[in-house]
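S.K.: Residues per chain, in single letters:
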Amino acid sequence: MFDFNIALQSLIGLTVFLTLLFFFLLGYTFWTRKKQQYWERYEQKFRNYFFSLILDYAEQSDPKLNADEIIKKISKRTKDYSFFIKLLNELDDILDGTERERLNDLIKHPTFASFYQKKLFQFSTDSKIYACIYFQKRAHLESRILAKLITVSKSKNLKLAFAATKALQSADDWTIRKSALLRFLKRKDTSELMVAELLHVFDSGLAEERERVGEALKDLLLKKIDPYIKNVIVRYMGYQKFYECSKFLYQYLKRIHYSPEKASFIRGLIIALGELHYTEASELIKTYCGKGSNIPIRLAAVKTLSTFGGKENMTLLLDHLSKVEFPIRKAIIYEFMTGDNNRITLLISFVRKTLQSIKNIDKSNYDDQLNSYLDKILDITSGIKIALNHRLSKTYA
Amino acid sequence: MLDSFSLFNFIEQFIIGYFFTINTVYLALIVGALIYVRKQLLHSRSVEADALFKTELFKSISILVPAYNEADNIIESVESLLKLEYPEYQIIIVNDGSTDGTLQKLIDHFNLTKTDIYFEEQIKHEHIRNTYRSPDNPFITVVDKENGGKADALNAGINIAETELICSIDADSILEQNVLKKLIQTFIEHKNTVAAGGVVRVINGCKIKNREIKEIHVPKNFWARLQSVEYIRAFLFGRVGWDYFKSLLIVSGAFGIFDRQAVIKVGGYLTNTVGEDIELIVRLHSYHLRNNEDYQIRFLPEPICWTEVPTDYTSLRNQRNRWHRGLADSLWRHKYMLFNPSYKHIGMFVMPFFLFFELLGPIVNLLGYAYLIIVLSLPNLFNLTFILLFLAVSFIYGMIVSLIAVLAEEIAFKTYSSFKDVAILSLYSFLENLGYRQIHSWWQTKGLIDFFKGKKSWGKMIRKGFNE
Chain Y
-2 MFDFNIALQS
8 LIGLTVFLTL
18 LFFFLLGYTF
28 WTRKKQQYWE
38 RYEQKFRNYF
48 FSLILDYAEQ
58 SDPKLNADEI
68 IKKISKRTKD
78 YSFFIKLLNE
88 LDDILDGTER
98 ERLNDLIKHP
108 TFASFYQKKL
118 FQFSTDSKIY
128 ACIYFQKRAH
138 LESRILAKLI
148 TVSKSKNLKL
158 AFAATKALQS
168 ADDWTIRKSA
178 LLRFLKRKDT
188 SELMVAELLH
198 VFDSGLAEER
208 ERVGEALKDL
218 LLKKIDPYIK
228 NVIVRYMGYQ
238 KFYECSKFLY
248 QYLKRIHYSP
258 EKASFIRGLI
268 IALGELHYTE
278 ASELIKTYCG
288 KGSNIPIRLA
298 AVKTLSTFGG
308 KENMTLLLDH
318 LSKVEFPIRK
328 AIIYEFMTGD
338 NNRITLLISF
348 VRKTLQSIKN
358 IDKSNYDDQL
368 NSYLDKILDI
378 TSGIKIALNH
388 RLSKTYA
Chain U
18 MLDSFSLFNF
28 IEQFIIGYFF
38 TINTVYLALI
48 VGALIYVRKQ
58 LLHSRSVEAD
68 ALFKTELFKS
78 ISILVPAYNE
88 ADNIIESVES
98 LLKLEYPEYQ
108 IIIVNDGSTD
118 GTLQKLIDHF
128 NLTKTDIYFE
138 EQIKHEHIRN
148 TYRSPDNPFI
158 TVVDKENGGK
168 ADALNAGINI
178 AETELICSID
188 ADSILEQNVL
198 KKLIQTFIEH
208 KNTVAAGGVV
218 RVINGCKIKN
228 REIKEIHVPK
238 NFWARLQSVE
248 YIRAFLFGRV
258 GWDYFKSLLI
268 VSGAFGIFDR
278 QAVIKVGGYL
288 TNTVGEDIEL
298 IVRLHSYHLR
308 NNEDYQIRFL
318 PEPICWTEVP
328 TDYTSLRNQR
338 NRWHRGLADS
348 LWRHKYMLFN
358 PSYKHIGMFV
368 MPFFLFFELL
378 GPIVNLLGYA
388 YLIIVLSLPN
398 LFNLTFILLF
408 LAVSFIYGMI
418 VSLIAVLAEE
428 IAFKTYSSFK
438 DVAILSLYSF
448 LENLGYRQIH
458 SWWQTKGLID
468 FFKGKKSWGK
478 MIRKGFNE
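So the sequence lines, in the order shown, correspond to chains Y and U.
The first sequence: position 277 = 274 (my numbering), numbered continuously.
Converting from the second sequence to my numbering requires adding 17 to each position, the first position being numbered 1.
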């Protein structure tokens, strides 16, 4: 049974609590808003002042300033540093060439380096993340920072580990970059998009590093990494045209045995070989074209064989046309619509042959199987008509 | 057997316990969500995509816009979608048998021409009459189909789409320009994400120019202001809180992004329900848990979509009635998940919570208020202790929860342009508990009754449109 006094006390207590809470929170939110407005105004002033100064420095227009002189103008407040770095990063996205390099000199200035180094060594995850984001833009990282970043990259916190791994890609030591990448890719919680982002950061795009990057990617494929991650790696190799890795990828595809877990990886390998135009792989890829493999793999095989081109490959695709499921059928039809007119000629002769074979069918033997075949042929012809229209409209355009 | 005294005592304890529990859960969700949101916002820069978009490995998106009699704002809506920041996306507008010239407006404005599209009907939908594309703008596809409802229109769009992700939106919503870039962060951060939602906020009262929000203010309308409080409490912090426990059961129909193959695998949107958004999410949970497949359904705690809320009593009543019927329908269809350990925390905790507190809660609320009236009016039953406790756990505790939600929003997001708006919403968080919640409970109870009667209509909604 309820006690009256407790009930009354609860009511009074809650009412008082509500009133106090209301005024406290209202006051607190008011204060936080005022504080935010103050910093917004401050940032605006800060930007107005430093924007032209940094731009003059980057362009080396008169009066010629050096990095130290600009940095001296910043007060030692944390906010100033973060506003300054934010401004530098924004300009970094706009500027190019020597101007950008000069801008990077500012980013790399020891003042910021030591400021963010302190942050990196703080306990708070937020601080560490901020530091990692800063070090992603830095080059020539000191060994102490590198050591800490390596530790942080092993964190259980996925975002922190990701930020640290990205930062480690600024290291001069190649093995540090590679092992950081490998460590992250071995995690079980890594998303495909994270892998793609990291690979692009890992691959500097410099011609002199290309061979080394290719070798490193090949090496990663030999490590114990989940197949869905390997799928991203091989597709990256394909899209970024690592031609020198073609043979290796082909050998990999030759040796891999199909399992549902490896399906995405096999698909990735086929896509990559297509992108790399490694025609020697066509015989092997043909084996993935037929029924039995999963649809994404077969779609990749169709696309790759079409990329390779050649009468043999295209004829094989045509042979499959009337036997396969809709997505594959559609892919084959659209592949015939790309490229030269020979493909269209092949397709038309296929249609003619098929129509002839339909004419020769004994109409007294109609059954469900035949009906479904005829439905498929009807679907193929309408598909061809639609695809042809698309090709024509594109040509006219 | 219980004597009358202990029976009344039991009822009173049950009512007090119920109100205390539900408000405590909401308070915990809000406080937890506030901490989580602040962390998420601070850490979001670490998963900002940069290099990803320089590769061909990002996910392309099709935005599906189901449109039924949207002639007044469809052009502005599509034009604003064309301004979104994302490297590769398609817009598929599905004209769901409109009778007000929506299609003609689209044809005229975008210079559309009839084009056949070769696609497979992987999900059933009403007959497609024609498809159109613009020679000037290859990103736009218009599908003209027989009327079949929003879910049916979305299913047609899913069949036509060829991208990895699909994004379903309401034609009358306004999206932030960086919405897709923001939401892709959810897919970067969480492996195997199959669905993601974002914060849907009230647009009434905001200053809009060229379908871009210039200033954010509270609505001027009484009902809309109450809903603003509700959107913050339940749809912002409530959902963030559920997301924290990986237990999100609703991704708003006004804005949601999905893995297309995952949606096809579960059969697309259900057409014979009025709660197609919640039903799809429950089905996605059910499918992946049953098949022991890794998946995530997440919520991005940033305002990304703005929608107009009803401003008159009847429209609001109809909307809430429909929402409750949708919830009832989803829980009924997936009742096999309730207390079923195969469905893990969703079956053992989230679904029962939604059943007892969200679905049946309004009945308990109404019974509580009815009992209070009885106690107040019958001298024999008059129990001051109960009345005081009821006032404390129902009204005052409810006010605390709403107030904390409004002020937590200000602390975390500072969405509103002026502090005056925050003060107004704070006052409305008191008002919300004095009348609105009670009426709302009645609408929901009526919705439950209508569900059992088999009502399937959406109910009439009057929209005033955006004033620029």
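None of these hints come from the bench; they were simulated from the model.
Every residue gets a Cβ at the ideal spot worked out from N, C-alpha and C, and that includes glycine.
Treat the hints with care, since some could be wrong.
Claimed, not checked - Each computed DSS-like pair below joins lysine-lysine, with the alpha-carbon atoms no more than 25 Å apart:
id : chain 1 : residue 1 : chain 2 : residue 2
1  : U       : 431       : Y       : 42
2  : Y       : 134       : U       : 224
3  : U       : 141       : Y       : 134
4  : Y       : 31        : U       : 224
5  : U       : 198       : Y       : 373
6  : Y       : 69        : Y       : 31
7  : Y       : 382       : U       : 141
8  : U       : 71        : Y       : 83
9  : U       : 56        : Y       : 145
Claimed, not checked - Partner residues aside, some chain Y positions facing chain U, computed with beta carbon under 8 Å:
id : residue
10 : 4
11 : 15
12 : 32
13 : 35
14 : 296
S.K.: Are the Cα positions of residue 71 of chain U and residue 83 of chain Y separated by 25 Å at most?
M.R.: holds (22 Å)
S.K.: Sort out whether residue 373 of chain Y lies within 25 Å of residue 198 of chain U, counting only the CA atoms.
M.R.: violated (41 Å)
S.K.: Hint validation: residue 35 of chain Y versus chain U, beta carbon distance must be below 8 Å. Holds or violated?
M.R.: It is violated, given that the least Cβ distance between residue 35 of chain Y and chain U is near 13 Å, above 8 Å.
S.K.: Holds or violated: residue 134 of chain Y with residue 224 of chain U, Cα cutoff 25 Å?
M.R.: violated (39 Å)
S.K.: Minimum Cβ distance from residue 296 of chain Y to chain U below 8 Å?
M.R.: violated (12 Å)
S.K.: Quickly compare the C-alpha distance for residue 69 of chain Y and residue 31 of chain Y to 25 Å and report which way the hint goes.
M.R.: The given pair, whose Cα atoms are some 29 Å apart, is violated under the 25 Å limit.
S.K.: Between residue 431 of chain U and residue 42 of chain Y, is the straight-line Cα distance small enough, at 25 Å or below?
M.R.: holds (21 Å)
S.K.: Sort out whether residue 145 of chain Y lies within 25 Å of residue 56 of chain U, counting only the CA atoms.
M.R.: holds (22 Å)
S.K.: Tell me if residue 15 of chain Y is really an interface residue toward chain U, meaning its C-beta lies closer than 8 Å to one of theirs.
M.R.: Because about 5 Å separates residue 15 of chain Y from the closest Cβ in chain U, which is inside the 8 Å limit, the hint holds.
S.K.: Holds or violated: are the alpha carbons of residue 382 of chain Y and residue 141 of chain U at most 25 Å from each other?
M.R.: The hint holds at about 24 Å.
S.K.: If you take the shortest Cβ to Cβ gap from residue 32 of chain Y to chain U, is it below 8 Å?
M.R.: Because about 10 Å separates residue 32 of chain Y from the closest Cβ in chain U, which is outside the 8 Å limit, the hint is violated.
S.K.: Mind checking the alpha carbons of residue 31 of chain Y and residue 224 of chain U for me, to see if they're no more than 25 Å apart?
M.R.: With Cα atoms ~22 Å apart, residue 31 of chain Y and residue 224 of chain U stay inside 25 Å; holds.
Hints 2, 3, 5, 6, 12, 13 and 14 from the earlier list are contradicted by this structure; the remaining hints agree with it.
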